[in-house]
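J.: Sequence:
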Amino acid sequence: MNIAAYLLLTLYLVFLGADRINFGGEFLESFQLFPHLVISSIIFLYILLFRLKDLEFGWIVNKKSTFLSIICFLMFTIISIIFSIDIIFSAKRLVLLTIIISTVVLILSLFSSNELKEYFYYSSLLGSILFFIFNILLFSNWIGYISYDSNIINLNPDYIAYFIPRLGGFSSDVNRGVLILVIYTFFIYIYDKKSLLSNLIILMNTIFIFASLSRTAIGCFFITFLIYTIFYSTKIEKIKVLVILPISFIILSNIIDYYSSNNVIDIESALEERLTLNDFGHNTSTGIHFKLIDEGLRIAFSDLKIFLIGSGLGTSYKVIEGFGMSKKKKANFHSQYLSIFVENGFFACLSFLFLTIIIPIFRIRNKMLPLIIGIFCFNQLYQLTNEPMYWFTILYYYKFNDHV
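Reading the sequence shown from the start, the letters are residues 1 to 404 in the numbering used here.
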């Protein structure tokens with residue numbers, strides 16, 4: 001039985017971000033059946049049938065401030081759904097969010113801290129390798145080395161104005177995919193087995209993080225490892241950072257130079273787009289982000305109902321106006337906390353702040369804190385409400401504290 005549990009845990013952690021795989025294919029066009037949904041269903045069934053009596057919820061229930069924050073967040077979210085401007089859509093989002101949080105809580109309640117530490121390390125290695133494989137396939141497909149078209153596996157990369165493919169690995173969203181790679185890298189680093197493989201994986205991960213040109217993910221990477229290196233790392237870990245960073249830059253520079261000189265990519269134009277931070281028009285990534293934040297704050301403070309209980313979970317797309325994404329159901333304010341404020345109200349946002357940053361900084365600290373701070377900064381310009389790895393990392397922080 002334990003072997004089955006460890007296998008499910010590993011599969012969950014490796015594939016939970018792999019949304020380039022859709023088992024529904026063309027048969028379920030209105031519903032995307034990602035690996036984490038399939039694996040979550042199997043985990044639920046496995047625990048219900050064989051391991052129900054082995055669950056131990058003390059890690060979360062005994063931390064009263066944490067438990068209260070989760071309950072309050074979910075309670076205020078449900079209230080926002082009752083008064084939602086699109087009740088059906090909000091209810092669907094709640095079902096997905098409930099599946100994600102419930103699966104994570106069950107996993108963390110089934111396994112001991114030491115078991116999670118061991119399998120998170122190996123899963124991070126395997127997840128990183130899966131990320132590499134997808135990046136190689138994405139790049140090969142983009143430059144024409146291979147030709148692949150499938151309804152189940154998507155190998156069409158995101159790109160920056162056709163200048164260069166953005167390699168987000170197994171995730172169709174580059175920022176989200178690279179953040180997961182940052183999380184993998186962090187756990188390989190802090191759980192280091194001092195093996196050549198782990199050091200090589202960390203080096204490759206660092207290269208791909210920078211190659212993604214994701215400003216938010218790269219910022220998260222720097223913030224996380226800077227804080228960890230200053231406050232938590234050993235002398236050997238500091239040396240490792242000082243060695244890996246320059247080597248990764250040298251390797252990446254040579255790769256970019258080769259493909260640029262052969263006119264495969266236009267790195268100068270891509271960097272110009274990424275580094276242009278003073279153009280706040282509707283046609284630039286920077287401009288869209290800041291205008292959305294400004295619009296979100298205006299909406300939140302100009303409507304008492306939205307301020308108190310929100311417009312309803314997942315309904316940002318109905319209140320965003322004047323943008324290309326307006327009325328598209330995946331539209332949001334590109335800021336986790338602002339979206340929660342607008343969709344679920346002030347009290348839900350406050351509860352979420354306590355859970356994700358206030359309690360970790362002021363009440364419960366451990367060596368995962370740098371990652372939590374890095375992800376918090378990442379979420380100022382991004383949104384991960386329905387990201388399984390995000391919830392796993394946040395809740396694992398509180399489980400992690402049990403063995404530090």
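Any given hint might turn out to be false.
[What the hints assert, rightly or not] No farther apart than 30 Å at their CA atoms in a straight line, the calculated lysine-lysine pairs in the DSSO-like style are these:
no. : residue 1 : residue 2
1   : K92       : K64
2   : K92       : K194
3   : K238      : K117
4   : K318      : K193
5   : K117      : K240
6   : K291      : K63
7   : K238      : K53
8   : K53       : K117
9   : K305      : K291
None of these hints come from the bench; they were simulated from the model.
J.: If a hint holds in the structure, say so; if it doesn't, say that too.
T.: Cross-check of the supplied hints:
no.	hint	verdict
1	K92 <-> K64	holds (29 Å)
2	K92 <-> K194	violated (45 Å)
3	K238 <-> K117	holds (22 Å)
4	K318 <-> K193	violated (49 Å)
5	K117 <-> K240	holds (21 Å)
6	K291 <-> K63	violated (38 Å)
7	K238 <-> K53	violated (43 Å)
8	K53 <-> K117	holds (22 Å)
9	K305 <-> K291	holds (22 Å)
Hints 2, 4, 6, 7 from the list above are not met by this structure, while the remaining hints are.
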